[in-house]
Amino acid sequence: MIVGLFNYWIVIILMMAGLYIVMSSGHLVKKIIGLNVFQTSVFIFFISMGTVDGGTAPILKDGFTVFSNPLPHVLILTAIVVGVATTALGLAISVRVFEAYGTVEEDEITAIDRDNRKREISVSTVVTESAQKERDQ
Amino acid sequence: MSQIPSQLVEQLPAVQLLLTLLAAPICSMFRNGDLSWRIATVASWASVACAFALLHQVWGGGSISYEMGGWPPPWGIEVVIDELTAIVLLLVTLFGALVMTALRKSLSSIMRHQRQSLYYTTFLLCMASLIGITITGDAFNVLVFLEISSLATYTLIARGRDRRALTAAFRYLIMGTIGATFILIAIGFMYMLTGTLNMADLSERLPEHYDNKVLHASFAFFTIGIALKVAMFPLHYWLPNAYTYSPKATTAFLAATATKVSLYVMIRFIFDVYGVEFAFGQMQLGTLLVPLSIAGILVASLTAVFQDDAKRLLAWSSVAQLGYMALGMALLNANGLTSAVTHMFNHAMMKAGLFLALATMIYRTQSSSLAALSGIGRTMPWTTGAFAILGIGLIGVPFTAGFVSKWYLVSGALDKDWLPVAILLIISSLMAIAYIGKMLDVMYFKPAPAEFADIKEGPKSMLIPCWIFALLTIYFGIDTRLTAGLAGRVASNLLGAS
Chain A
1 MIVGLFNYWI VIILMMAGLY IVMSSGHLVK KIIGLNVFQT SVFIFFISMG TVDGGTAPIL
61 KDGFTVFSNP LPHVLILTAI VVGVATTALG LAISVRVFEA YGTVEEDEIT AIDRDNRKRE
121 ISVSTVVTES AQKERDQ
Chain X
1 MSQIPSQLVE QLPAVQLLLT LLAAPICSMF RNGDLSWRIA TVASWASVAC AFALLHQVWG
61 GGSISYEMGG WPPPWGIEVV IDELTAIVLL LVTLFGALVM TALRKSLSSI MRHQRQSLYY
121 TTFLLCMASL IGITITGDAF NVLVFLEISS LATYTLIARG RDRRALTAAF RYLIMGTIGA
181 TFILIAIGFM YMLTGTLNMA DLSERLPEHY DNKVLHASFA FFTIGIALKV AMFPLHYWLP
241 NAYTYSPKAT TAFLAATATK VSLYVMIRFI FDVYGVEFAF GQMQLGTLLV PLSIAGILVA
301 SLTAVFQDDA KRLLAWSSVA QLGYMALGMA LLNANGLTSA VTHMFNHAMM KAGLFLALAT
361 MIYRTQSSSL AALSGIGRTM PWTTGAFAIL GIGLIGVPFT AGFVSKWYLV SGALDKDWLP
421 VAILLIISSL MAIAYIGKML DVMYFKPAPA EFADIKEGPK SMLIPCWIFA LLTIYFGIDT
481 RLTAGLAGRV ASNLLGAS
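Note that the protein sequences, when read in sequence, are chains A and X. Counting with the numbering used here, you get residues 1 to 137 for the letters of the first sequence. Counting with the numbering used here, you get residues 1 to 498 for the letters of the second sequence.
Derived from the structure by calculation, the hints contain no laboratory data. Just so you know, even glycine gets a beta-carbon here, dropped at the ideal spot from N, CA and C. Some clues are possibly wrong.
[What the hints assert, rightly or not] According to the in silico footprint, chain X covers these stretches of chain A (three or more CB under 8 angstroms from chain X):
1. 40 to 52
2. 55 to 68
3. 72 to 80
[Claimed, not checked] Derived lysine-lysine pairs resembling DSSO-like cross-links, with alpha carbons at most 30 angstroms apart:
4. X:Lys-105 - X:Lys-460
5. X:Lys-446 - A:Lys-118
6. X:Lys-446 - X:Lys-460
7. X:Lys-438 - A:Lys-118
8. X:Lys-446 - X:Lys-105
9. X:Lys-438 - X:Lys-456
If we strip away everything but chain X, and leave its shape as in the complex, we get:
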């Protein structure tokens, strides 16, 4: 009997992927939405347990290599899990599971009971493929999982109640497919040069081709393709509409995971596969990324200030926050990278919480316009309380998670003696105060519209996940071992590999 656990531990990387991947078709077989929801929730929480176990194994700088199907790399597909992988894995599963738990009530108001099981199926598929992207060590595998996750995402978005969800999903489909095909071209070029698709193998073989034009083209295609997926300014065109019109709770999941995992792929390829020296030295990625991400931060924050729809406002804020992560990466020093990885986790947590709290409010008001949400602080005090904590976290007030990542980002800029950049970052934080403050002002101090004067507090199944997000935001603002501590080690690893 004692052998079974140790065998199970060895197979954990495969179990991690299979849990959600197998639960998806099982869910689709039921017509009963509640039953599917139970299966999906159990599968996603089991997946969280798995992610914790894997994080525990690699904690402190370890790494696991698992041979899928017993084929040794570079011929077979390798699953590689190191600390960066484990934290992204935890992000996807934990926040996915929390949203899944809260999803049932919110979904029942927009969808017939029989259809819900299919929605959970798509949700699980999206989660499984995001896990797949994260753990795989094979370049082509990344692309396949990226496509699966995109297809699932388009479907999730198109289910929004507003018909504009359809056009938003279509627009994302076009942009996303172009992006993925660009990545396919990039991988093709790399394969032409090296004859391998294993990422570790690629990183060993690519340096001898650094002067080859084919590799330059490959890098260009990859950067544009993945930037489309990350929604990096100015390729963020699809994001605001997709977030605004997708079903309420789904936005929380997408905002937390989809763009973050794409960013993870970007970090993985640029630092581990192409190599820092090639990407930032020879190809001058920094000169492109730094001004664009700063412009993105400022333009998107400013646009967010002038939105009158809460979901759209938060969507624009997401574009700005992605700029912080890109800037952290482009700073190319320990503090900058630490901030990029920490903010990936923190922002996923805060934005998922914000969208979920908003979903709880919309569950009652049926509208996300700020006019409909006015005075909601009095009718739904608990939901608005969670929203306020998360919003303050997003601004970056001390003792919240947002402060930690911004602190590292500003230190990273100062390490480089880029004083103007640090000042611009602080200005962008002021803009965050403006747009979060605008929402809180409306929610707490404006009179409630007559038709929403006596709405009740949100259902407990949605309220509790909201508060978990809010409390986590405070927790990770104080105890940073899991986020910044791990990110620091990851950063020195990524930079040391050059």
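Chain A extracted, bound-state conformation:
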């Protein structure tokens, strides 16, 4: 059971590990890494699904009778490309976040945003109060 479904066990372990990293880590780059592990687990799942024991690549020639299903493998080629694009974009945004905030830790970013928001509110109440005063006069 465990040996026969070895690939699928690996898939489940990787998937859970990846999702756990995405959820638990506050570091943006680590989140991207977790996301990658999670996506890769699904790739392995698709590849294992298409494999036939003892099968070769689908070569149309005499002497080759058992083929692996190439379709899931091709699908995963597309998914890998999408995954690379997502990673690149995610990392690019992380760099921009670092430039804008000086940190890539989610907690610190939230704290900075909260401080700014407090300041904004105090500014905007001053603005409305001054408008109120103007009307009163």
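Since the structure of chain A is provided, determine the placement of chain X on it from the hints.
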């Protein structure tokens, strides 16, 4: 010569996709933002014409099947267009094109001239992939286009002027990728069972596996994945920030199309691929969806009432309105589904118009806080007028589009004898009055802050699209053949297929 039009008509489904998809790289080649804008606008309006032609062909219940590259389904990729597809197609292209037309002025205030062409490229790519999701009849194709549209959306959001746009885009990227990967797993399970990816083929082969645990897992993964994309309560976490901090006019496009197309995918898969009987009978999707969507409507409407930023307020209202659509779907009767499809169209129109009118105001005030927008009804009367009409439409006042969809939704609830649900819906409409009224009150009756006392009316290129949206809202409140009439046929089709 006479053969050329008929050949062109046959190839329309491919043309529909290619127009925007090919215009995107062409746009990216120019450094001149204005030129790119012209190309992008022409391509998107041509795309609208295409969508109208397709809608005309399937009007009354027809359906078109087009073999991409001449490979017959289920081996090749099939493009399927029926009435539901055509209305979503019209929604994406028409509202996309209107926003694109208004985009130039609004963009020039946040971006260097040379960079703008890249922005239009991303915008077109997003539109092309949303069209792709809508027309394709292949399950894996849906996923690929969904990923392209998501990647384009993350980029569009991250271009916001506020640095919080970056964190909002990142958050959406994480959630969106998890959602898409869940859908990938779901499609993998389906492929394991049936060996096919064509949606029509899947729907024929899946019923014999209804008791199979693999299909149950597939359904669970799909529902969670797509609910993340739709931003269905309680998976809406990414939406308010993404809408608030993305560039002004972009929000109008995203609010109109991205979540609606995801909802379309949800309807397509649940009703056509998995089957009503399996989804609602065996898997009890209704018991999950009904309470969650009602909770979503109430919580999001209430949250919207207490916002002091106009964009964030409208974003929360979007979460609530998505709840209406989900509820309409979960009611599982003709009126409910009619309301879901009608509201998909109507809400896209009204929310795009509202965000666009807001973008026009922000173009002058440079801030979306309600304090900055106070008294704007006197300085920008035309923009605020359009905003008011659209807002009233959103509340659901008779003779506006919002009334039609809410009418069907409440009738759907009453058809099921769910009186409490109907009452809750009316309470949520009162909350809509509260949050729209709060904005209109600030805009018309509060004194303008001194620094904005003498701002001018918005530029015409933005004002005219706003008014088109406003007039359409009234038009579709009176003439419902295109929206509710079509949605009624779609609903009986979807329910009849079970």
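Out of the numbered hints, which ones does the structure contradict?
-> 2
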